[in-house]
Structure formats: C-alpha cells, structure tokens
Amino acid sequence: MSRDPDISIRIFSAPEFLRPVRVMVDALASQCGFDDHSCGLISLAMDEALANVMRHGYKGQRDGRIWISAWTHESPDSLEVVIEDLGVSVDPRTIRGRDLEDVRPGGLGVHFIRHTMDECSWEQRPGGGMRLRMLKMVPAAAPEPPR
Amino acid sequence: MSRDPDISIRIFSAPEFLRPVRVMVDALASQCGFDDHSCGLISLAMDEALANVMRHGYKGQRDGRIWISAWTHESPDSLEVVIEDLGVSVDPRTIRGRDLEDVRPGGLGVHFIRHTMDECSWEQRPGGGMRLRMLKMVPAAAPEPPR
Amino acid sequence: MAKTMTVEQATEGSTVVLTPKGEIDMAHSPSLQKTIASVQAEKPPKLVLDLSAVPYMDSSGIATLVEALQTSMRNKSKLVLCNLSPRVRSAFEISRLIQMFSIAESRDAALKA
Amino acid sequence: MAKTMTVEQATEGSTVVLTPKGEIDMAHSPSLQKTIASVQAEKPPKLVLDLSAVPYMDSSGIATLVEALQTSMRNKSKLVLCNLSPRVRSAFEISRLIQMFSIAESRDAALKA
Ligand SMILES: Nc1ncnc2c1ncn2[C@@H]1O[C@H](COP(=O)(O)OP(=O)(O)O)[C@@H](O)[C@H]1O
Ligand SMILES: Nc1ncnc2c1ncn2[C@@H]1O[C@H](COP(=O)(O)OP(=O)(O)O)[C@@H](O)[C@H]1O
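Residue numbers (my numbering), protein chains in the order written: chain A, 1 to 147; chain B, 148 to 294; chain C, 295 to 407; chain D, 408 to 520.
These are computed hints drawn from the structure, not numbers from a lab. Hints should not be assumed to be uniformly reliable.
A few chain B positions that, by computed beta-carbon distances, are all more than 10 Å from chain D [said to hold, decoys possible]:
id, residue
1, P162
2, L165
3, G187
4, R212
As a list, the in silico DSS-like pairs of lysine-lysine whose alpha-carbon atoms are at most 30 Å apart [what the hints assert, rightly or not]:
id, chain 1, residue 1, chain 2, residue 2
5, C, K337, C, K370
6, A, K59, C, K340
7, C, K406, A, K59
8, C, K297, C, K328
9, D, K441, D, K485
10, C, K406, C, K340
11, C, K328, A, K59
12, D, K428, D, K450
13, C, K315, D, K441
14, C, K337, C, K372
15, C, K406, C, K328
16, C, K337, C, K297
17, C, K328, C, K315
18, B, K206, D, K428
19, D, K519, D, K441
20, D, K450, B, K206
21, D, K485, D, K428
22, C, K340, C, K315
Computed from a predicted model, the values in this text were never measured in an experiment. Even for Gly, the Cβ is constructed at its ideal location relative to N, Cα and C.
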C-alpha cells in the first residue's frame with residue numbers, strides 16, 4: 001500500500017463517468033486473474049461505491065472531485081482500490097446495507113460492495129470527505145495434477 | 148482546454164495497462180457520441196500512442212510514468228486527449244508514420260493515429276519528455292427531417 | 295452527448311413489451327424509470343421487460359424495477375422480466391430480490407406467463 | 408498475473424491451425440509471435456490463423472502477422488487468416504496490408520484455400 005498505485009484516476013462526480021471507470025476496473029481485474037463472473041461483481045461494487053459518493057457525498061452536484069487509486073498485488077494475487085472524495089463526511093458506522101427483508105428501492109449498493117469484496121472499510125479523511133478502501137483476493141487456482 | 152480534464156489517469160509504462168486505458172477511452176468516446184466503429188479506431192489510436200511512449204520514450208522500462216487527460220467537449224461534440232511522459236524527448240519532426248509501400252513489421256502506430264484523429268501534434272515538454280495532443284470531432288448527425 | 299441507453303416499445307395484444315438497450319446505471323435508470331412509469335400510467339394488464347440488450351445493471355436499475363413491481367402490484371397487473379444476461383442475473387441474485395419477480399427465459403415465455 | 412491471451416493449436420492433415428484467444432496488443436504479441444515462430448520452424452505446408460476469438464489487434468499484432476507472412480514466403484508455404492472481427496479487419500484495412508494476406512471468411516474456407 002505504500003507503493004504508488006498502478007493506476008490513479010480523477011473524475012468529476014457526474015454519472016456519465018461511471019461506465020468509463022467500471023470498464024477500466026473490469027479490465028484491470030481480468031488482468032489480475034479474476035474470472036469473468038468476479039470481474040462483473042468487482043465492477044458492480046466499484047460502480048456502487050462511486051454512485052454513493054456522487055449521491056450522498058456530493059448530493060448530486062456534478063463538479064465534485066473523486067480520486068480512484070488501484071493496485072494489483074501479486075502472491076497472493078489481489079486487487080486493491082481506494083476511492084477518496086471531498087464531499088460530505090459521515091460517521092462510517094452509518095454506512096450499512098439495508099435489511100434485505102425490507103423490499104424497497106434503494107439501499108442495495110453497500111450490500112453489493114460488502115458481498116463482493118473481501119475487505120471494505122470507510123473512514124473520514126483528515127482533510128474532509130470520505131475514503132473507502134476495498135480489497136479482493138484472486139481465489140487460489142486448483143493445484144495442477146501431476147503428469 | 149483551460150478547464151480541468153473530465154478524466155485524468157496516471158499509469159506506469161507497462162504494457163498490461165494498455166487494455167484498461169483503451170477500454171476506458173472506448174467508453175468515453177461512446178459517451179461522446181461516436182459510433183462503435185469510431186470508438187474502435189479511437190481506442191486503437193490511444194493504444195498506439197501509449198505503446199510508443201512505452202517503447203520509444205521509456206525504452207521498455209516498466210516504471211516510467213504516463214499521464215492521460217481527457218476532455219469531452221460539447222457543441223461541437225468532440226473528444227480531446229493529451230498524453231504526457233517524462234521519457235526520452237525527441238524532435239517531433241522525427242515522429243512520422245512509415246511509408247506504407249515499405250512492407251515490414253513496425254512503423255504503423257503513427258499512421259493509425261494520424262488516420263484516426265482530426266488533429267494530432269507532438270511537442271517536447273518544457274520539463275522533459277513528450278506531450279501528444281489528439282482531437283476527434285463527432286461527425287454531425289444527419290439533420291432530422293421535418294415532421 | 296449521446297444517448298447510450300434507449301428503450302424500444304412494442305405492443306402484443308394487450309401486453310406492452312419494453313426493450314431497454316444499453317447499460318443501466320445511475321446515469322440511465324431515471325430515463326428507464328420515466329418510460330416505465332408512463333407505460334404503467336395506462337394500466338396495461340401486463341408489462342414485459344425484455345432485458346436481452348442490457349449487459350449490465352446496477353442497484354439503481356434494480357431499484358427502478360422494484361418500483362415498477364410495486365406499481366404493478368398496486369394496479370393488480372402483471373410484470374414479467376425476461377432474457378436476463380449473466381451479469382444482470384447475478385446482481386439480482388445477490389440482491390435476493392430475484393424471488394420477488396416473475397422471470398421468464400425468453401420473450402415468448404414471458405408473453406405466455 | 409493472469410494469462411489474458413492464449414493460443415490453441417490444432418492439426419488438420421498437414422495444415423496447422425492456430426487460434427489465439429484474447430486481445431492482441433503489445434502485452435501479448437510477443438507470446439503470439441513465439442508460438443507462430445515455433446510452428447513455422449517445423450515448416451508445415453500451410454498455417455491457418457483463426458482470429459475468431461481476437462476482438463482487438465494493434466500494430467504490434469499486425470507486425471507479428473507480417474513477420475509470419477514473410478517467413479511463410481521464404482519457406483514457400485501458405486499462410487491464411489480467417490474470421491477477422493470487424494475491429495481487427497478495420498485495423499488491417501487502415502494499414503493497407505490487407506491485400507498482402509490471403510484472408511478467408513471461415514475456417515473451412517481457410518482450410519480449402
Ligand atoms: N460515500 C458516502 N457518503 C456518505 N454516505 C454514504 C456513502 N455511501 C453510503 N452512504 C450511506 O449508506 C447508506 C446505504 O447506501 P446504499 O446501500 O448504497 O443505498 P442507497 O444509496 O440506495 O441509499 C446510504 O443511504 C447513505 O446514508
Ligand atoms: N512517444 C515517442 N517518443 C519518441 N519517439 C517516438 C514516439 N512515438 C513515436 N516515435 C518515433 O516515431 C516512429 C514511428 O512510430 P510508429 O509508427 O508507432 O512505429 P514503431 O513504433 O513500430 O516504429 C518510431 O519509430 C519513433 O522513432
């Protein structure tokens with residue numbers, strides 16, 4: 001984590017940038033060794049995390065800044081992503097998925113993120129705004145049978 | 148051009164980052180209004196420009212930095228991309244596509260870039276390295292017939 | 295800016311079939327929501343959403359469908375989804391909302407459902 | 408790191424068919440080049456490159472194919488490409504190298520060519 005990110009991205013808090021970022025993360029996850037199903041889940045988690053920053057952090061304002069940093073780690077292979085913003089900062093304990101029994105629109109984003117990633121944690125940035133760190137490990141491949 | 152880029156990206160000069168960047172540019176071009184064929188050409192031009200920086204600017208070193216900035220402009224709709232590096236800086240006049248009659252591997256990248264983009268120009272960065280600016284206009288849609 | 299999501303509308307007897315085309319995320323779910331609401335305002339006995347041309351859907355897309363389902367329950371009309379792509383299906387499965395919906399494998403099956 | 412490009416190899420009579428799978432850019436053309444060179448070292452009378460699973464190819468991929476073509480001309484053997492996707496075809500067309508190659512629509516046509 002101390003080394004520089006493999007990829008750093010800065011976007012504005014406008015929904016039209018969700019797709020460019022998630023296809024990039026999808027490609028990066030595939031590079032890391034995730035299968036297509038996992039790449040789909042990882043880009044969904046990414047999209048939900050960014051959408052939350054746009055909706056809750058920046059209240060729908062389109063000119064907020066969002067920084068994304070991604071690292072591909074080796075042995076063990078994993079993908080780490082950090083998302084930072086300068087929007088409204090909230091107590092991380094208030095960020096939780098809704099009760100799935102409660103069928104209503106909304107409240108699914110955090111559930112998708114927690115379901116997909118092996119680690120995810122929100123914190124308030126010292127300089128204002130939020131910081132979300134997510135990590136997902138590539139499942140170990142089945143050992144090759146001896147020939 | 149004076150306003151901040153819609154998306155800024157920083158990558159390392161390693162070929163495994165070509166695909167994540169070009170799929171992002173592909174998505175951004177599609178957002179801009181380019182059709183699928185043009186999106187393919189634009190991401191090809193992007194890939195060739197980055198590959199040239201990795202090969203010629205950084206001589207295959209994997210730890211050079213490359214900065215990509217992209218703007219989507221409206222009325223007239225266009226996509227502008229600037230690529231900057233801190234690699235070997237060369238006289239822009241030496242950067243040209245090869246003679247297509249000369250059938251040999253290599254020398255196609257600059258030809259692809261010039262063929263695809265409406266504007267492309269290289270310059271030496273004051274601080275070292277090169278700067279490539281590319282622009283492509285979205286073809287004006289056929290006017291809607293009156294109803 | 296280009297419309298990267300469009301919705302096609304067709305009528306089969308008294309059933310309305312909507313076919314959204316494109317990825318449905320927060321940038322596009324409001325327009326899908328508006329289209330569905332305007333169709334539901336006419337109270338057709340059955341609405342089919344053919345998702346064959348939707349390679350991706352996030353929670354805002356799912357929320358839009360949940361809202362449509364709630365409206366159809368209030369209207370005592372039917373809502374059937376069909377042709378879910380693998381990624382859309384897996385988002386639905388994780389949401390555990392998949393049991394709430396009536397889902398058909400094909401458009402024909404959806405029309406008969 | 409995952410292998411995001413692999414090459415399948417098959418033999419049909421005296422013809423070798425190579426089927427690369429994945430996008431061929433500067434990260435992957437060296438491995439394609441190596442595979443083709445090792446096949447060409449055996450001097451088969453005909454080599455077919457089935458590009459049906461190659462959605463994308465940049466100039467480094469095209470350079471690899473030009474090199475393969477030069478080797479096959481030196482060896483007086485045949486090289487046939489088939490199943491070019493639209494994006495790969497357009498890269499070839501812009502390079503104006505498309506006339507240099509023998510290109511078939513399908514694998515069957517390539518085997519007969
Ligand atoms: N980046 C964020 N900044 C502030 N609050 C957030 C952020 N992300 C999530 N939240 C809070 O967590 C709740 C759950 O988020 P989510 O599951 O995505 O549902 P929804 O956004 O549909 O309400 C939100 O309602 C919000 O209160
Ligand atoms: N970013 C760059 N830095 C330095 N030289 C470059 C750069 N891009 C292109 N060139 C020069 O332009 C020439 C043509 O580039 P290109 O058409 O991509 O062919 P190739 O890279 O296969 O030689 C290169 O051989 C190189 O001399």
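Verification of the supplied hints:
no., hint, verdict
1, P162, "violated, 4 Å"
2, L165, "violated, 5 Å"
3, G187, "violated, 4 Å"
4, R212, "holds, 18 Å"
5, C:K337 x C:K370, "holds, 9 Å"
6, A:K59 x C:K340, "violated, 36 Å"
7, C:K406 x A:K59, "violated, 43 Å"
8, C:K297 x C:K328, "holds, 15 Å"
9, D:K441 x D:K485, "holds, 18 Å"
10, C:K406 x C:K340, "holds, 11 Å"
11, C:K328 x A:K59, "holds, 21 Å"
12, D:K428 x D:K450, "holds, 23 Å"
13, C:K315 x D:K441, "violated, 41 Å"
14, C:K337 x C:K372, "holds, 10 Å"
15, C:K406 x C:K328, "holds, 26 Å"
16, C:K337 x C:K297, "holds, 27 Å"
17, C:K328 x C:K315, "holds, 15 Å"
18, B:K206 x D:K428, "holds, 28 Å"
19, D:K519 x D:K441, "holds, 26 Å"
20, D:K450 x B:K206, "violated, 34 Å"
21, D:K485 x D:K428, "holds, 22 Å"
22, C:K340 x C:K315, "holds, 20 Å"
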